[in-house]
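Residue numbers (the numbering used here), protein chains in the order written: chain A, 1 to 219; chain B, 1 to 399; chain C, 1 to 801.
No lab work stands behind these hints, which were simulated from the structure alone.
There's no promise every hint is true.
What the hints assert, rightly or not - Quick look at which bits of chain A chain C covers, simulated, 3 or more residues with Cβ under 8 Å:
#1 75-84
#2 95-101
#3 110-120
#4 175-185
For clarity, every value in this text was computed on a predicted model and none was experimentally measured.
Note that the Cβ used here is the ideal one computed from N, Cα and C, for glycine as well.
What follows is the residue order along each chain.
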Amino acid sequence: MPLLEIEHLAKAYVTGEERQPVLEDVDLVLDAGETLALTGESGSGKSTLLHLVGALDGFDAGEIRLAGTPLSGLDEAGRARLRLASIGLVFQQFNLVPSLTVAQNLALQARMAGRADPDWLAELGQRLGLSRFADRYPQQLSGGQQQRVAIGRALAARPPLLLADEPTGNLDETTSDRVLELMLELVDDTGAALFLVTHSRQLAGRLDRHLHLSRGRIA
Amino acid sequence: MNARPKAPVWERRPRREGPGTLGSPRPVRDREVAPTGDPAHARLQKHLATLLAVLLLTAWSAAQAQGFAGLGTAAEGFAVPEPGRALAFPADHGAHPDYRIEWWYLTANLRDGDGRDYGIQWTLFRSALSPGEATGWQSPQAWMGHAAVTLPDDHRFAERFGRGGIGQAGVQARPFRAWIDEWALTSRAGPGQDALDRLRVTAGSPDFAYTLDLEAHGPLVFHGEDGYSVKSEAGQASHYYSQPFYRVSGTLDLPQGPVEVTGQAWLDHEWSSQPLAETQEGWDWFSLHLDDGSRLMGFRLRDTDGDHYTSATWISPVRQVETLSHGAFRAEPLETDRVAGRALPTRWRVRLPVRGIDVTVDAVNPDSWMGTRYPYWEGPVTVTGSHTGRGYLEMTGYE
Amino acid sequence: MNGVALATLLSHWRRHPLQLFTLITGLALATGLWTAVQAINAEARASYAEAEAQLAAGRQALLVARDGTIPVDQYVTLRRAGWRVSPVLEGEVEYNGAAVTLLGIDPLTSPLARHLAPTDGEAGLDPLAARRTLFAGPATAERIRSAGTGLQVVVRDAVAPGTAIADIGLAETLLDRPGTLSHLVVLSAQPRGRPPLDAVAPGLTRIEASGAHDARRLTRSFHLNLTALGLLSFAVGLFIVQGTVGLAFEQRRGMFRTLRAIGLPARRLLAIALAELLALALLGGALGIALGYAIAAALVPDVAATLRGLYGAAVDIGLALRPGWIAAGLGMALLGTLLAAAQGLWRLRRLPVLATARAEAATRSNATTLRFQALAGLASLGLAGSVIAGLDGLVAGFVFVAGLLLGAALLLPPALAGMLALGARLARGPVAQWAWADTREQLPGLSLALMALLLALAANIGVGTMVSSFKQTFTGWLDQRLVSELYVTAETDAQGQAIHDWLEPRVDAVLPIRHADTRIDGRPAAIYGIVDHETYRRHWPLLASAPRVWDRVATAEGALINEQFARRAGLAPGDALPLAPGWRLPVVGVYSDYGNPDRQVIVALDALLERFPGVANRQFGVRVAPDRVETLAAGLRDRFGLPARSVIDQAAVKAHSLAIFDKTFLVTGALNVLTLGVAGFAILTSLLTLWTMRLPRLAPLWALGLTRPRLAAMELLRSVALAGLTFLLALPLGLSLAWALLAIINVEAFGWRLPMFLFPGDWLTLGALALLAAALAAALPAWRLYRTPPAELLEVFADER
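Using the sequences and the hints given, assemble the complete structure.
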């Protein structure tokens, strides 16, 4: 059974009487451990697709199944539980909790999911080069360091699926490369599947598969 | 009024009752202060006693039960009863302010036209803080009055307090008058009669009142040795005489309406300064009118060591008086009732073997509890057995 | 999951201790002031209830003599006629220069005796010594002991301050009034068939129990006043809480989103946020209760003094922790927190996981809010207006005040917006235009704090004007009324006569002060008799009068009544006044009589003595040249052996009266200052809150070339300007409040109406204070701005989301 199945997915935003379709009839399958890059221009709907897969937003038609569970059948709390247990999220803006230390941020999701493994957390911290900063607060870190914390947080609970939305969009090129290397390495080690939204075709080329989204459709 | 604001400048009207924070006494019958019985009240009583030694008033009844020590102690400066002191009348009908305590104690067994039984009590107690009298508020004398009406199914009582020296309460010998507030025991004796031969007694409260005329058909009776009555083997004693020969008629004013009654009454007058031995915790006192025309006064003073001191006076139908010393008179409780939270004997076996008396004494109303500031039991009784008759029973010091 | 999420939420406070401090302080202040008022009210009411319980048994009706004192014989006569009464001899004794009211009672019959019962440790009290014992409260006991009287003094907390109770035998000796009584207390449970009072003691008048009941009625308004002030403080405190909670929610928006994204269900998040709030509310509430207890403890003596001075209500308030007001305080804290956090919680519930511009925009609509506020404010003012036009009474007065304050508070933001819009239109230059516009945009964030400031300022102006008007009136009235240079009190009537005779040839005039306590229309009243003298004609403070008023009083053709009497009985000059059976006089004048809770009548002395022969003749006012006062006073003291307090000069009486006056309003003043402080704190909080949102607005201006110092100065100026505008609006509001207090509430509460005086000097001070508070509150953010490194301003552009 594939990890992720998307069938005839459609989504539109409604503003007043205007209905603006974002995604139309999207089909996609992702196997466990597989890495997939999704590229597309601004407004092509790639982030929306990622949000839908992450159960962060509802869709109008079609279906998304994660490990066989149809998302359309879940209420808000059910979707939250699904995220907590099965999905790691990495955003462009890092979205760290500013009042928690690096170590606390790193462990946040794993702890909430009840799956905090100290050894794994320590290893993550070390491999992400965060050991020295464990007790600092996010504002005291550079962008690259913050994103490494976010990646660690997303993988701390060893989710089967990692969703990353332009994870290096806020970083300079060198930093960006290093962060990506680390992320891919860890994804590989944990056996998680990766769904990466990026505008970089070069980066996309390094993953198992590469899809391009154009005007709400898979090209 | 001059150019001066009234308040808050420097003057206010008298504050009602002084400090306004003081709490509320419970309104209970005709009493001037809160009821008694529980330890807090016992403390209060103790204090009031310290304030004016009022507690001494009931020294022979309740004081000992209140655990008020010091009553049995030496009578500083007070006169002490002495054997051989001849009582002189009418002077000795009056108050003896040099003695610590004194009382005039009237009880009557009455009956109405329908044959219903009633008992009434009228008592005036005197207590002195120090010997002697003074005028006005400086007087060391304090007075307490008790009145009660008892029916088989009802018992009403009232109490009054008053200061000596101002005329609110007192006893004068000539013409004889004992009073507290509007309650009075007044002589109506004619020339040549003893002052106590004819009396009128009145008392009232919000829920009962009575006016009774008393006429004696016999002489005064002196207890013990010419009125010197010994109260313990250690020698405590009082001066004590009675007028047990009253015929009574008058009106009881009860909530259900006025009732005309007739019957018999018994008056005691007793004074002392050091009444009880320290080990004596209370007493049981009987005054009985027997149907054969004889009368019996007997008491037992209950000792903590179980050896109860008894004393009695027997008066034959022909007015012969016999003083009976310790042991001749026997009284044993047969049954007890739960009254005011304590066990009280309400049926007695009373014996005076030398006179062939062996009777059962029953309370007419077991609930004849005097819930006054110094509580005790006082009520009419009936007599059956070797003799029949009526009388009064007083029991004190039961906890 | 819950634990981790709660810990995450709480971690915010660790990083923002000042915010936590503000929140807790705001809550504690709000709860504290409210609790203090509740505690004071609860204690006072408990004290009335206790006094009233005594009355319930009918124990406090009194018999008083028309001529002042009752001979002991009369007491005995009553007793022997079946009247159950208890004697009281009351007088004053001086210990260490201070007067103590000595109450002589007969412990055998007095209902007071039981309160003197000994404690366990005192069981051994010597009975003989007990007759040489005084019973007094702790402070009074100490004073008597220190005077070295040789008397035994026993402490009883139940005895009112300044009072000592003794056996009547001791009291008559100490007071040197043997054989006399002041009054008799009618006990409960009188026996049957008692003769009527007139038949037994024709000279005595029965005065029905009234004290505590009257006290409850009279002081109701006072407590309502306190409660209103307490509520106002609470409301002002809540503004702080609202500000802080709002800020905390705003700042944690990102955190909430992250938690949601990670997988915390929305409802769970709401529940955890609620739990956090409640925990904080409990903490703040508990601190507030402690604070309230402290405030109450500090204010209680003054409240007691007020109640005694103003209403004659003898309360002896001790402060006890009562579950009632503790629960009420915590409840208010919880409720208030929820109220203040309602907006934040509502937004949290609706918070989308994904931040989109659309979602953000929907939450705010400035113009609509302003319009709604304006309408609600006008409606509130309209309600207030119609209530005052249509209804009378204390409650109407308070509804009016509440409507006025609420309406004005609601109208404040639209009014300020209008003023700012006007300013923007008039502004020259782009920076000025920007400043006006930007200020207007900031209004929603500041409006709550400004409302708090408005209310606090208005309350301050209103209450201040009321108190100052009162004081000015009172001082003027004292000057009118305290004309005699010297006041003398004799110890007995005989001494009074002797003093009178001695003074007569030595002074300009001796004016007797004599009165009878009686009942008119079944209510207690005092009738004073005066001699005809220029002193009265010239100085007496008449509010209304008929023609030839003094002539008619002098010839016993008319009576004067005090304002309280006139208002409560609806009497005016010309109305007939029944003074005693068979004695009616027309009212010819009404005089002001501040500080007196009772009804009072003035008639010619001869007429009074005709009806009430033997009214005590012990007090005199003496008219004498001011420079002779001192020698005369000394002469009086020497010749008659009068204690110092029996011969008092005018200045001393005035000083004493004013001291009592000041004490009376100390509580009001204290609450007022506290409220203003809380409002200042509210502004600071709001500005700090706004600060975090200010940088993105200021950075572009900085980038356009405005220096940081200039920006900082503008920030400061803006805050001061807003406070200034608020103050301008608070002024008319405060004066309306003062009018309501003086013309409606005081009349109901005290029975007198006071003229309103304006005190522009006070306003200037208050205005300066408000500006200073705003400047201080803005100083911190401005200083921060001034010191902000350019890099941080740059980051605004880098971080723009």
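Tested hints:
no.	hint	in the structure
1	75-84	holds (count 7)
2	95-101	holds (count 6)
3	110-120	holds (count 4)
4	175-185	violated (count 0)
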